[in-house]
Amino acid sequence: MSNWIRVAPLSEFPQLGARVVRHEGKEIAVFRNAGEDVFAINDKCPHKGGPLSQGIVSGNTVTCPLHGMNICFEDGMAQAPDEGCVGTYPVKVEEGVVFLQI
Amino acid sequence: MKKIKLVMVGNGMAGVRTIEELLKLAPDMYDITVFGAEPHGNYNRIMLSPVLSGEQTIKDIMLNDVDWYQQNGITLHLNKKINRIDRKNRVVYAEDGTFAEYDRLILATGSNPFILPVPGKDLDGVIGFRDIHDVDAMIDASHKHKHAVVIGGGLLGLEAANGLLLRGMDVTVIHIAEWLMERQLDRTAARLLQKSLEEKGLKFLLQKETELIAGKDGKVSAVRFKDGSEIPADLVVMAVGIRPNTALAESAGIHCNRGIVVNDTMQTYDPRIYAIGECVSHRGIAYGLVAPLFEMAKVCANHLAEMGIGRYVGSVTSTKLKVTGVDLFSAGNFSGGANTEDIVLSDPVGGVYKKLVIQDNKLVGACLYGDTVDGAWYFQLLREGRNVSDIRDHLMFGQNHLGDGGHAGQNKAAAMTDEMEVCGCNGVCKGDIVKAIKEKGLFTLDDVKKHTKAASSCGSCSGLVEQILSSTLGGDYSATPAVKPICGCTERTHDEVRAAIRDHKLLSIPDTMKFLEWRTPDGCATCRPALNYYLISTWPGEAKDDAQSRFVNERVHANIQKDGTYSVVPRMWGGKTTAADLRRIADVADKYAVPMIRVTGGQRIDLFGIKKEDLPGVWADLDMPSGHAYGKALRTVKTCIGSEFCRFGTQNSTQMGIDLEKAFWKMWAPHKVKFAVSGCPRNCAEAAIKDVGIIGVDSGWEIYVGGNGGIKTEVAEFLVKVKTAEEVLEYSGAFIQVYREEARYLDRTVHWIQRVGMDYVKKRVLEDEAGRKALYQRLLHALSVEKDPWKERATEGVAKHEFEILSV
Chain A
51 MSNWIRVAPL
61 SEFPQLGARV
71 VRHEGKEIAV
81 FRNAGEDVFA
91 INDKCPHKGG
101 PLSQGIVSGN
111 TVTCPLHGMN
121 ICFEDGMAQA
131 PDEGCVGTYP
141 VKVEEGVVFL
151 QI
Chain B
533 MKKIKLVMVG
543 NGMAGVRTIE
553 ELLKLAPDMY
563 DITVFGAEPH
573 GNYNRIMLSP
583 VLSGEQTIKD
593 IMLNDVDWYQ
603 QNGITLHLNK
613 KINRIDRKNR
623 VVYAEDGTFA
633 EYDRLILATG
643 SNPFILPVPG
653 KDLDGVIGFR
663 DIHDVDAMID
673 ASHKHKHAVV
683 IGGGLLGLEA
693 ANGLLLRGMD
703 VTVIHIAEWL
713 MERQLDRTAA
723 RLLQKSLEEK
733 GLKFLLQKET
743 ELIAGKDGKV
753 SAVRFKDGSE
763 IPADLVVMAV
773 GIRPNTALAE
783 SAGIHCNRGI
793 VVNDTMQTYD
803 PRIYAIGECV
813 SHRGIAYGLV
823 APLFEMAKVC
833 ANHLAEMGIG
843 RYVGSVTSTK
853 LKVTGVDLFS
863 AGNFSGGANT
873 EDIVLSDPVG
883 GVYKKLVIQD
893 NKLVGACLYG
903 DTVDGAWYFQ
913 LLREGRNVSD
923 IRDHLMFGQN
933 HLGDGGHAGQ
943 NKAAAMTDEM
953 EVCGCNGVCK
963 GDIVKAIKEK
973 GLFTLDDVKK
983 HTKAASSCGS
993 CSGLVEQILS
1003 STLGGDYSAT
1013 PAVKPICGCT
1023 ERTHDEVRAA
1033 IRDHKLLSIP
1043 DTMKFLEWRT
1053 PDGCATCRPA
1063 LNYYLISTWP
1073 GEAKDDAQSR
1083 FVNERVHANI
1093 QKDGTYSVVP
1103 RMWGGKTTAA
1113 DLRRIADVAD
1123 KYAVPMIRVT
1133 GGQRIDLFGI
1143 KKEDLPGVWA
1153 DLDMPSGHAY
1163 GKALRTVKTC
1173 IGSEFCRFGT
1183 QNSTQMGIDL
1193 EKAFWKMWAP
1203 HKVKFAVSGC
1213 PRNCAEAAIK
1223 DVGIIGVDSG
1233 WEIYVGGNGG
1243 IKTEVAEFLV
1253 KVKTAEEVLE
1263 YSGAFIQVYR
1273 EEARYLDRTV
1283 HWIQRVGMDY
1293 VKKRVLEDEA
1303 GRKALYQRLL
1313 HALSVEKDPW
1323 KERATEGVAK
1333 HEFEILSV
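Order-wise, the sequence lines are chains A and B. Basically my numbering = 1-based index in the first sequence + 50. Basically my numbering = 1-based index in the second sequence + 532.
So that you can see chain A by itself, here it is in the shape it has in the complex (with noise of 0.2 angstroms):
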């Protein structure tokens, strides 16, 4: 499996904030962390579908801006006493730059 995409420079991303990546149609949010670690999960929170890369992130979590349910982009759960979970996508940062697993 090398079939890693080149998505931008982690330099884009901003601490504590995401990007909305679109491939295919399919918009994925790719989440950095208050340091240098970069995630990726489905765009889509599980309870009514909101665009979590719009959400508030604090450590590797982020709260939907809809209806404040919070999601863990580490393994895509939602956090208790929530149910639901969302995709993830392997992401990772070489040489500054992110690459995506779609």
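Be careful, since some hints might not be right.
[What the hints assert, rightly or not] Pairs of lysine-lysine, DSSO-like flavour, derived with a Cα cap of 30 angstroms: (1) B/Lys676 x B/Lys758; (2) A/Lys94 x B/Lys1332; (3) B/Lys1332 x A/Lys142; (4) B/Lys1123 x A/Lys76; (5) B/Lys556 x A/Lys98.
No lab work stands behind these hints: they were computed from the structure.
Given chain A, put chain B in place with the hints provided.
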């Protein structure tokens, strides 16, 4: 690293709550062992009454079953009573020889029912009302026998009596005092209570002192009193009070004085040993309700986790009786005294009695019978110690619930059926909430919000949910604390955080979190927006506005909609527009195929369904300033047409609105801020329900503040009458600046005024002229550093990354 050994003696609610709190704070710090004398996991002791009455089963009231201990790696010893502590070698021993070494020990030994020292107290059939074993014994007796006698007419005794009555027994309650529940109720309320319980079938013997309990063949047969009279009894329940269980602590030489004496961090005189719950004496008080015990648990866990900032400083408790169909509430000093004043409403025929006790302009006690809707509100006033002189005239009539929307005018939770909707935002019915409280062991409003989503959106049903909590849990529910931490990331309150930012000139979120020892590395979606606001409002131009700590709407400068598109509201000063502006709006709507155009309630035009990546283009083409319709900021200044055209108008309200809007736009605030200006007292601009409402009269302008037309309708209060437009700007600006500087994040003006009182607002804005001018200048300075966010993004490329999608 080797884990620290923590042993807990006692497996009740206070102790297990401490462990739960500790696991949240420091999951891997301790190796935990728990000893319980009963054969069960941790159950909800306050729900024993409904189990007795048959409304619930033991299974329903389990809080932590045996699996829970296993899942959390806790060693649990059930049925093992610890009878010795070897403090020198730090080991505890159980009766059967089981032992455990400790580095830290928690004593959570609870309390024992006080058994009257009368002859016959050891007869078969004489029991207390304390645990599952007692309840089983009572249920068993109710199957076989007829006559039950409950000694003690307090909270516990009445609940036991009610349960036995529902189990079909003939129940007499014996009470030594002149009236029932004398520690919670005054004479009048107690009479009403007694009458209603008598109607249910309970019998009462007051001012009776038990001399002895007579028996036959070792079994109880009657209760005899000091006056010589006697009544038959097959079961005697002693509910005359509880005594902290200090035997173990005393045997280990730990200082006790009507309870194990602890300090504000819940440590005993041996600092390795903590004590918690009903067994302790804190500042001379032993508590028997759950709410204070949970507060203690938080502090104890905080200290064990070596956070070291929590202190327990005592609790004010309230009481509610868990007897279906009886509504009573009491809190604080309800009987009054030499320096107190009473306000009383008494309607014995209607079955309503309310007494409020006031001292030094503060509510210090409340006793309600029959109508307890406002209990939670009185309790809040009492704990906050708010000066009530300005609301004294309508204090007795409670908080005005008439303006609440979304729950069909209901304001009495007790009168609602299970199918009725409580939370109109998330469609949660009363039955769902009651079920969640019982099955999931919820105790606080926050618990209910998390598990049911009720009251988690607009919050207008919070009062109803608190009522449901208190009627389901009785006096044991944990009322929302008067001053609570901002969120779970810190112990600090809003006011403490503000003060630290001001006094220590903190200029960034990371600095503030570091200085105040935040528990989480970068906060959460609750605290970060609050911190960001406090920083930029305290140090305008110096603190950096952190986009990542703003809710999406304020980061993107548009309102997110349910489908992820945005709406755009350009500013129209004072509601006035021009043909050219309207034409540009129409062109933008065509160019970007805007699916919906709508006139707002604030005299502006809203364009819906805009894609995020189109926002900068839309703004550039509109070439109009941001309306801030998305922000905790100055929204609209609504106006009527005023004297320029209206035959009734006394002042040029449209121009006044334009002047105000041009002066104060771009203003961030703790919450959204709405202004309105009407040109005459007909008030067509609805100024009475705005944060600041101006009404023109022939001789000048009247300024009203603290109105609200939203979740709960609140009418603005008169602040001052001024003569000139300049004065309108200065007074209203100074008012809004005090609010900006002192209100808590997400307080609307009305909530803040309700807390600090209108007298305070008048003192700052009216009486202190120099202070008013300084406030106004500070507001103008804060506004001078703000730019039009749309223009920056449309033409200067600010935050470009925000609006670009990366296509791969």
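These are the hints, each one checked on the structure:
Proposed proximity of lysine 676 of chain B and lysine 758 of chain B is supported: the alpha carbons are some 29 angstroms apart, at most 30 angstroms. The hinted pair formed by lysine 94 of chain A and lysine 1332 of chain B meets the criterion: a straight-line CA distance of about 23 angstroms does not exceed 30 angstroms. Proposed proximity of lysine 1332 of chain B and lysine 142 of chain A is supported: the alpha carbons are some 24 angstroms apart, at most 30 angstroms. With a C-alpha separation of about 25 angstroms, the suggested pair lysine 1123 of chain B and lysine 76 of chain A falls inside the 30 angstroms cut-off, and the hint holds.
A C-alpha spacing of about 29 angstroms is found between lysine 556 of chain B and lysine 98 of chain A, which places the hinted pair at or below 30 angstroms, so the restraint holds.
In the structure shown, no violation is registered for any of the earlier numbered hints.
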